[in-house]
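*Asks:* Sequence:
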Amino acid sequence: MLTVEGLEVYYGSIHAIKNISFEVNEGEIVTLIGANGAGKTTTLHAVCGLVKAADGGIHFCGTDLRAIAPYKILGLGLAQVPEGRRVFAKMTVQENLEMGAYIRRDKDQVEKDFQRVLERLPRLAERRKQLAGTLSGGEQQMLAIGRALMGNPRMLLLDEPSMGLSPLLVEEIFRIIEDVNRSGVTVLLVEQNAKKALEIADRAYVLETGSIAMSGAAAELANDEKVRKAYLGG
Numbered sequence: 000m001l002t003v004e005g006l007e008v009y010y011g012s013i014h015a016i017k018n019i020s021f022e023v024n025e026g027e028i029v030t031l032i033g034a035n036g037a038g039k040t041t042t043l044h045a046v047c048g049l050v051k052a053a054d055g056g057i058h059f060c061g062t063d064l065r066a067i068a069p070y071k072i073l074g075l076g077l078a079q080v081p082e083g084r085r086v087f088a089k090m091t092v093q094e095n096l097e098m099g100a101y102i103r104r105d106k107d108q109v110e111k112d113f114q115r116v117l118e119r120l121p122r123l124a125e126r127r128k129q130l131a132g133t134l135s136g137g138e139q140q141m142l143a144i145g146r147a148l149m150g151n152p153r154m155l156l157l158d159e160p161s162m163g164l165s166p167l168l169v170e171e172i173f174r175i176i177e178d179v180n181r182s183g184v185t186v187l188l189v190e191q192n193a194k195k196a197l198e199i200a201d202r203a204y205v206l207e208t209g210s211i212a213m214s215g216a217a218a219e220l221a222n223d224e225k226v227r228k229a230y231l232g233g
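Quick note on numbering: numbering that gives the first Met the number 0 labels position 197 of the sequence shown as 196, and the sequence is numbered without any gaps.
Everything labelled a hint here was simulated from the structure, so no lab data went into it.
Note that beta-carbon positions come from the ideal geometry of N, C-alpha and C, so glycine has one too.
It is possible that some hints are incorrect.
Unchecked claim - Dumping the calculated DSSO-like pairs for lysine-lysine here, alpha-carbon to alpha-carbon at most 30 Å:
(1) K194 / K17
(2) K106 / K128
(3) K71 / K89
(4) K51 / K111
(5) K225 / K17
(6) K89 / K106
(7) K194 / K225
(8) K106 / K51
(9) K51 / K17
(10) K71 / K106
(11) K228 / K17
(12) K128 / K111
(13) K111 / K89
(14) K195 / K17
(15) K71 / K17
(16) K51 / K71
(17) K225 / K195
(18) K195 / K228
(19) K111 / K71
Claimed, not checked - Cβ-Cβ distance ranges computed for the label pairs, FRET-style:
(20) S12 / E94: 37 to 45 Å
(21) E97 / D178: 16 to 24 Å
(22) C60 / A218: 23 to 31 Å
(23) Q129 / D63: 19 to 27 Å
Modelling step: build the complete structure from the supplied sequences, incorporating the hints.
*Replies:* This is the structure in structure tokens:
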């Protein structure tokens, strides 16, 4: 579904991403884990066209994403939930969700998807008319996910969804991610909480200083001694 081959990204003279290749198959949850500065977010930004790749191939369902303007990528069925939520603080919850469907023209289905998002995320339904900037961090993360779902994506890219949240809210966010995946949405998850990411993922890639150091089934990596020592605190 998503194929990245030989990706290279530079920030000026800094070689941020070094010849990495990975794939995400339809229906999977695939996670990229690694320490701060490993290149996880840069990889997502390259996929979405938010940073320019110096070399390599990025294909989604057969389409060359490097040849597509970033604002057109959502129309292909690829949506990102950015690091730090990035909700529209001075707009209501409902207005934020409506913005997620901005490019869609199927109004009847948009309304059905709106109701479905509120059913999946009942806390948003309770705060439908509330300004997004007044929500808690966990509620803003739910809103960011709901907004992305309003684009009716085939694949969701999530960037550090558990960052800054309490353990209880982390559990809830990961439950939501699993529920979204069960509904038929493929997930590429960037996450510093390697333990939780490996618990819900099918496969994982470990990034170290811009390169893929390890890859494999998530359950196998969770039991790997090197991964446990480096990322799982054991």
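*Asks:* All hints, please: hold or fail.
*Replies:* Cross-check of the supplied hints:
no. : hint                   : verdict
1   : K194 / K17             : 25 Å, holds
2   : K106 / K128            : 21 Å, holds
3   : K71 / K89              : 25 Å, holds
4   : K51 / K111             : 36 Å, violated
5   : K225 / K17             : 21 Å, holds
6   : K89 / K106             : 24 Å, holds
7   : K194 / K225            : 13 Å, holds
8   : K106 / K51             : 34 Å, violated
9   : K51 / K17              : 14 Å, holds
10  : K71 / K106             : 19 Å, holds
11  : K228 / K17             : 24 Å, holds
12  : K128 / K111            : 18 Å, holds
13  : K111 / K89             : 25 Å, holds
14  : K195 / K17             : 26 Å, holds
15  : K71 / K17              : 26 Å, holds
16  : K51 / K71              : 15 Å, holds
17  : K225 / K195            : 17 Å, holds
18  : K195 / K228            : 15 Å, holds
19  : K111 / K71             : 23 Å, holds
20  : S12 / E94: 37 to 45 Å  : 42 Å, holds
21  : E97 / D178: 16 to 24 Å : 22 Å, holds
22  : C60 / A218: 23 to 31 Å : 27 Å, holds
23  : Q129 / D63: 19 to 27 Å : 41 Å, violated
The structure fails to meet hints 4, 8 and 23 from the earlier list, while all remaining hints are met.
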